[in-house]
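Student: Protein chains in written order, with my numbering: chain S, 7 to 196; chain G, 1449 to 1934; chain D, 579 to 678; chain Z, 4 to 704.
Quick caveat, the hints were computed from the structure, so don't treat them as lab data. Heads up, some of the hints might be wrong.
Stated by the list, open to error - Straight-line C-alpha distance at most 25 angstroms; calculated DMTMM-like pairs for lysine to aspartate or glutamate: (1) Lys37/S to Asp666/D; (2) Lys133/Z to Glu1900/G; (3) Lys1814/G to Glu1716/G; (4) Lys183/S to Asp1743/G; (5) Lys183/S to Asp666/D; (6) Lys595/Z to Glu382/Z; (7) Lys1814/G to Glu130/Z; (8) Lys1815/G to Glu130/Z; (9) Lys37/S to Asp671/D; (10) Lys665/D to Glu1600/G.
Residues per chain are reported as follows:
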Amino acid sequence: MDFLVSHFAEILFYILAALAVLGSVGVITLKNPVNAALSLLGTFFIVAVLFVLQHAEFLAAVQVMVYAGGIMVLFLFVIMLVSVKGLKTQAAFLSPLVPVAIIGAILVGALITSAVLLGVFATGDGGPEALQMVDGAVLGNTEAVGMVLYTKYLVPFEVVSVVLLVAMIGAIVFGRKDRFIEEQEGEVGS
Amino acid sequence: MPLEQFVPFIPEIFLAIASFVLLVGGIGLGRRGMRPLALGAVGSLVVTGILVWLFGRPAGEPEVILGGMLAIDTFAVFFKLLVLASAILTIMLATGFLERFRYGGGEFFALILTATLGMFVMASGVNLVSLYVGLELMALSSYVLVGYCKLEVKSNEGAVKYFVLGAMSSGILLYGISLVYGSLGTLDLMEIKTALVAAPQDNLVLMLGIVLMAFGMLFKVAAVPFHVWSPDAYEGAPTPVTAFISVAPKAAAFAMFLRIFAGAFSPEIDHWRSVIWLAAAMTMIFGNIAALSQDNVKRMLAYSSIAHAGYALMGVVAGTAYGTWSVLMYMLVYTFMNIGAFGLVVLLETRGYAGETVKDWAGLSKKAPAAAAGMLILLLALAGIPPTGGFMSKLYVFAAAINAGYIWLAVIGVLMSAVSLYYYFRIVVQMYLVEGEEAESGAELVRDRWAEGVVLVSVLVVMAIGVYPAPFVGWAQGGLNALGLM
Amino acid sequence: MITATHYLALSLVMFTLGLIGVMVRRNFITVLMSLELIFNAVNLNLIAFSFRLGDLSGQILAIFVITVAAAEAAIGLGLIIALTRLKDTVILDDANEMRS
Amino acid sequence: MSFYDLIWLVPLFPLAGALINGLVTHQLGLKKSVANIVALIGSGLALIWGWAAVLQWYFTEDHTVSYVVKVFSWISGGDLPLLSGGTAPLEVAASYQVDPTSAVMVCFVTLVGFLIHLYSVGYMHSESDKAYSRYFSYLNLFMFAMLTLVLGSNLLVLFVGWEGVGLCSYLLIGFYYEKEWCASAGMKAFIVNRIGDFGFLLAIFFTFGWFGTLEFSELFAVLSQHHGDALVGAATIIGVLLFIGAIGKSAQIPLFVWLPDAMAGPTPVSALIHAATMVTAGVYMVARCNFFYQLSPNAMLVVAVIGGVTAIFAATIGLTQNDIKKVLAYSTVSQLGYMFLAAGVGAYIAAIFHVVTHAFFKACLFLGSGSVIHACGGEQDMRKMGGLKKYMPKTYWTFLIATIAIAGIPPLAGFVSKDAILAKAFEAGYTDLNGFGGAYYGLWILGLCGAALTAFYMFRLVFMTFDGAFRGGEEAEHHLHESPWTMTLPLQVLAFGSVIGGLLIGFPGILFHKENWNFIEGFMGPMILGAHGHGAAHAGGHAVSFGLEWALVGLSVTVAAAGILVAYRWYKTDPEFSIPNAMAERFPFAYKLLLNKYWVDELYDATIIRGTIGLARFCWEFDARVVDGVVNGTRHVTVGTSFLSGIFDLKVIDGIVNLIGTINQTASRYFRRLQVGFTQGYAMVMVFGAALLLAVFFISF
């Protein structure tokens, strides 16, 4: 019991990490896209918990709301929308490529890992307070993030709003059935 | 944050507003509003250029504004004006094209403007956050532009490939950024450089981050082995978009590349140079040799622009100030010669979107001698024959590489540019040397004053740079006055 | 003691799995999900480093990554719709007109 | 202001003519007379101004140094570190220079160029108005490029002209559309020349990299200051690279294949570009850059060997050809070989001298052949000619004079210059130049044999074409006629030049103890970097004794006479050509070998061209196919493991056979699906590429 208490953080991390990996594996192995999406949703939640452990409370909230709430709904919506006939009967994997892909990815992964193991990180003496500080007062992570985001990082913030505009335009351009398409389809039909 | 700080940011704000107005205007005017919208787009880009000239220039020494996100320096001004020029030329090419193929213009022009805005941020960003956001704005706009002709299978397919691979590469780039952040504790380019100068590192994590970031940048400039997307995206995209994405994002990506690598990471150049050296060599060899057997002109030009990225990378490898401004010079010339060549492809696209083989150029010298002569000059420029601008730009990068001691790289470059004239010359053979029935089978030119103007401007600029390069060299060298660069 | 290396290891695994997913899945939608895995791996890194460094800019970048990922998902899903309309498929390797 | 201060006007006049003809006359579809006037004025003004400038410069300036006229500052850039240490700014001016070498070249280029413009007026009169103005536009543009080449004061301006003449050459080769092989001939000329350009460009970069300048006069100064062996390595590399460029442009082994094919173009173009001027650009460039070669014995030997071997190699091919222009083409290749032989033994002045005399007699021969082809209605096969002497006497006499000149009969121009080359080659062997005396003796013997062959095949050409009876049929005979004056006048001028040109500018004074009578040696002497090493054959050397000189002259006249005599016996006295036919039957292999030009074209086609195409296809398909390859690879691995397990139980073999069948079927199904470009395959290429680069990074870390 003492072991559990004294090593609570480690144990929690390992459980969460195992779950996250499990979820990720689910995303790339589950044949049914709906199941894969749900697996991804689970992974998002685990990652959000990990964010909390790292004192990024605001980001954890964003993760849940934007990813789990927004993007996942979009995914499921599209899966339902385009559930094309015979989708499930087709092979989910490019089978001949699976070993090659795994070799390639693991090669890259191993090269990165070896570098990481041989290298060192900058060691800061940060801690939770540093992430909650606003002008010397410890207010909380959300306030701190907001303060930095709207002052120092105002320009990227503005630019990213245009990114969202472009996403909107893109979705409209690709998704819209305009008159011209109907003309084309009419020609095909007649 | 004092409001005066926003003054140099006025061009960007204007661009964002203009793109929104064009979007709304496009919805209001419908397809009939193509010409007014195009005029509006060109006009707002010209105004942006003037605003850049008025507000975006540094008073003297480079300075940072808006919380250290953006730099105001001549380097940024150089690339901003270059990107603006290619955006203007693209819109002039696209107007007639969109009319002929009956696509709406509002979203198209708005997307060109947002891409331009993204590239502005890429050109002037000095913080990895703003650079990343600018990069993504440019990339997302490009994805949509490539797939703009959504009824064309090729256009959609090009967009799908560009999108998936682009997203993957930005994941790799971000992973690199996160490792750099983890080892240096900052995302600010100036702070990174200061830290590296103060304490040169051989920390593997940092080096790995640098290399992964290099991969992301190599993808954006379409260097081997991260070039795979570009032939398909270029072939599939509507030709004016091909012209655009083959020059402007490449120029902006080189701006970002130089800002990060020749700037922030320059103290570590001995560690990352071998990667860029190899990529440059592979890019020149692979791009040129693969172009040899292409029958589709767009695809051939796609491989050719891969090869051109390789030549420009030589300047990065050289790692000297000379190499840096020679990259600027290269991008300047490359922009005009590529847009001009694609402009002629647009003019030849009479048989529908489906594609134009080398044979379509047969007998052009008799049907349209002026257009054929223009293409001849542009192709000679692409191949680097004097006295065109293409020769000048190659001269400077090759000289930079050789005199920095990278002789073998330059030998590969010279050899490959000798090879390159072979495939460019296939078009020349069709235009000038083929006769009889074969020549009759060639495509006819479209009457499109705007596109003709684009070609004319490109030819004139390319020739001007070739005959009297001094002022252009002056501008490129002025671009060295940049924050974080050596 | 959980160090940055632990988080880095986890994110590496997620990153690699995401890469594999992009390469082997045939369904475009699942490929998009794999891309999201890659972005999550990056965010995990950024957050872990941000905590260790006591520096907020990592978190800020993570916010931008999430936003851009959302935009990318929107465009990707739009492409899926267009692909479905055009070829009646969401299988990524069916988009193979060019060089066939 | 003087004429030579405005020397840049000389190339500018033809450029203006080209622009007017190309942009105005052609676009408006104006008449031929307009194009004529514009083109003739363009080249005529160049002729007048060029000669005036050179003469004025000769009489007013010190003509032992270069007079550089800077037009404008062309290329500028910051300081670059040099490979030899130190820094230098990359500054290149668009500048022209007048010095003995360029003066000689300018005088003959403008003269021959103008004459050929004049000749073209008669020759091309049957073309349509548009084609006519286009032709003259290209021809004037060529004059501009060629004059830029010879007048340029640095390597880069020279390179501009170099590329320009190449471009005009391709455009003019393809001018006759009716012939299918025009396009492929243009293409071939083009590909071959690119190999040469590769060498030239690298030489330019290395020159700047080592010496920090591209100006000829500055390079000359730097290299003449040189002591010791510090720069010999650089000089060798640059010299060989420059020579690669010269090989391409001047059609030497192994890149000579394009020149005979280039004869597909109109005959005046063959005369101007592919005989008199452009192809000699390589010789000019080597002579101009003699400072590199003088420092490097190895580079000199390379030049001499390639030149000497080409001289005899092309001459043997010329023996059996029946196409009148092909014979002349191989003769040109052979003569160019002589020029390089001269340059390779250090006799740069003799090389330039031969360039000039060759321009006269070879242009005369080509224009004469054009006149013949014109009369025969486009027929180029000598076996269908004969007896033309009586129909076109002016052509015959001028052609005969030029033939005597090229055959090397004194005192015509060809004799004087060729004998100078052979004498220098012998001298190089005699004095054991650079320690390669044996090699130079061998080359001298090759040159002597080549001279005999030259005399033989040229007189064979004359006898087959002009003597005997006409073999082309009644109807063709009816059309035979002498050409108009615009065509015969240039012939007469050129023939006149072939007679007196040699003695006038290069009097072999050494034979009469009157060395200073040799104008060109004295004039160009200061342009040659003082030779180093022992026994070098420099200007006006006295290494060979007086008697030996005369003996050499006698020898070369004897071999030439022998060649003529054999041709006379075989082709003049016997209208059936029975002796050569018998020879061909007796030595079928040798005959076929020569007739098919040693199958060099076929060899190149089978190796280089197919290889390049294959490589290109490989690269093109790499992106998609590499994935297939990997898939196949995994299949083989699977099969391999199955095989191993099969060893344990032989009964499994049946199973394996079946398994292989199944795997193959499955694999080919995937194969079909995978060989198209699909996204994940691309992703895989990226991932493996990333792994490769990462590995390189770790290794080099």
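Student: A separate judgement is required for each hint: does it hold in the structure or not?
Tutor: Right, here's what the structure says about each hint:
no.: 1; hint: Lys37/S to Asp666/D; in the structure: 19 angstroms, holds
no.: 2; hint: Lys133/Z to Glu1900/G; in the structure: 23 angstroms, holds
no.: 3; hint: Lys1814/G to Glu1716/G; in the structure: 56 angstroms, violated
no.: 4; hint: Lys183/S to Asp1743/G; in the structure: 34 angstroms, violated
no.: 5; hint: Lys183/S to Asp666/D; in the structure: 15 angstroms, holds
no.: 6; hint: Lys595/Z to Glu382/Z; in the structure: 23 angstroms, holds
no.: 7; hint: Lys1814/G to Glu130/Z; in the structure: 14 angstroms, holds
no.: 8; hint: Lys1815/G to Glu130/Z; in the structure: 18 angstroms, holds
no.: 9; hint: Lys37/S to Asp671/D; in the structure: 16 angstroms, holds
no.: 10; hint: Lys665/D to Glu1600/G; in the structure: 11 angstroms, holds
In the structure shown, a violation is registered for the earlier hints numbered 3 and 4, in ascending order.
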